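Student: Required output: the full structure, derived from the provided sequences and hints.
Given next are the chains, with one letter for each unit.
Number of protein chains: 2
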Amino acid sequence: MMSNVYDAAYDMEKAIRNSSEFTDLKNLYDQVNADPGAKGMFDNFRQLQMTLQQKQMTGQEIAPDEMEQAQKTVALVQQHETIAKLMEAEQRLSMVIADLNRIIMKPLEDLYGAPEQ
Amino acid sequence: MMSNVYDAAYDMEKAIRNSSEFTDLKNLYDQVNADPGAKGMFDNFRQLQMTLQQKQMTGQEIAPDEMEQAQKTVALVQQHETIAKLMEAEQRLSMVIADLNRIIMKPLEDLYGAPEQ
Ligand SMILES: [Ca+2]
Ligand SMILES: [Ca+2]
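For the protein sequence lines, the chains are A and B, in the order given. Just add 1280 to wherever you are in the first sequence, counting from 1, and you've got our numbering. Just add 1280 to wherever you are in the second sequence, counting from 1, and you've got our numbering.
The hints are simulated quantities; they were obtained by calculation from the structure and are not laboratory data. One or more of the hints may lead you astray.
A pair counts as met if it fits within one copy or between any two copies, since identical chains are not told apart.
Below, simulated SDA-like cross-link-like pairs (lysine to any residue); rule was C-alpha separation at most 20 angstroms, straight line [to be verified]:
#: 1; residue 1: K1306; residue 2: E1361
#: 2; residue 1: K1294; residue 2: G1339
#: 3; residue 1: K1386; residue 2: Y1286
#: 4; residue 1: K1306; residue 2: I1383
#: 5; residue 1: K1386; residue 2: A1343
#: 6; residue 1: K1365; residue 2: N1313
#: 7; residue 1: K1306; residue 2: L1391
All values reported here derive from a predicted model rather than from experimental measurement.
Tutor: Here's what the structure looks like:
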C-alpha cells in the first residue's frame, strides 16, 4: 500500500514538471535571470515581499513608509513585461497547486469534516 | 497537459484513501467517536490544541497555567489506549503527507532553489 502512495506522488511530480503552467513559469524565470537588470529588480521585490510576509506572520507592525515602499516596488516590477508575465505564471501555478492540495487532502477533510468557511 | 496533473492528483487521493496509514487512522477515529467518554476527552484535547496553536500563530502569549492545563490534558489523553493509538496514527499519516508534499514540491524547489536548512 505504502509504495502506491509514493508512486502516485512521483507520478504527480512528473505531471507538474511537464505541465504548461510549470514550463511557462520556468521559461519566464530563466528569461528574467538571464537579464541582470530584470533579475536585480525581481530579487529586490522578492526580498521585500519576504520581509513583509515574515512581519505579518510574526504579528509585527508594517510601518506606513514601508508599505509605501512596497507598493512602489510592486508598481515598478509590474511595468517590466517579463517580470509581470512571470508573476502571472506564478499565480497560475499557485492556483493549480492549491487545487491539487484540495484534491489530495479530501480524504482527511472527509474524516475530520470540512473547516468552517 | 492540465488534465494529467489533475488525473495524477485524483490517483494520489485514491492511493491515500487506500493506504494503511489512512485506513488505520479512520478505524481509530471511528472507535473514539463511538465511545462518548473517549470522544469528549479527545474533543476537549483537540479544542485546547487549536486554541494554543492559534495563540502561537498570532504571537499571543500562553499563560503558565494555560500551559500546565495543556500538559495535564495531553497526559490524560495519552493514558487512553485508543486515543493514544489515534494520535500515533495521525502522526504517521502526517509524516507520509509531509513526504508527499516534499516530492510534489520538488519541481518548484529545483526552480527557486531549496530553502535554507
Ligand atoms: Ca532570483
Ligand atoms: Ca470529534
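Student: Next step is simple, just say for each hint if it's right about the structure.
Tutor: Here is how each hint holds up against the structure:
When the C-alpha separation of K1306 and E1361 is checked against a cutoff of 20 angstroms, the pair qualifies only within one copy, where the shortest distance is 16 angstroms, while the shortest distance between copies is 50 angstroms. For a Cα distance limit of 20 angstroms, the shortest separation of K1294 from G1339 qualifies neither inside one copy, at 38 angstroms, nor across copies, at 39 angstroms. Proximity of K1386 to Y1286 under the C-alpha cut-off of 20 angstroms is found in both arrangements, the shortest distances being 17 angstroms within a copy and 14 angstroms between copies. Taking the shortest alpha-carbon separations for K1306 and I1383, only the inter-copy value of 18 angstroms comes in at or below 20 angstroms, while the best intra-copy value is 24 angstroms.
Taking the shortest Cα distances, K1386 and A1343 never come within 20 angstroms of each other, neither inside one copy (40 angstroms) nor across copies (35 angstroms). In this homomeric assembly, K1365 and N1313 come within 20 angstroms of each other (Cα to Cα) only inside a single copy, at 14 angstroms, whereas the closest approach across copies is 50 angstroms. Taking identical chains as interchangeable, the C-alpha atoms of K1306 and L1391 lie at most 20 angstroms apart only when they sit on different chains, with a minimum of 7 angstroms there against 37 angstroms within one chain.
Checked against the numbered hints above, the structure breaks hints 2 and 5 and satisfies the rest.
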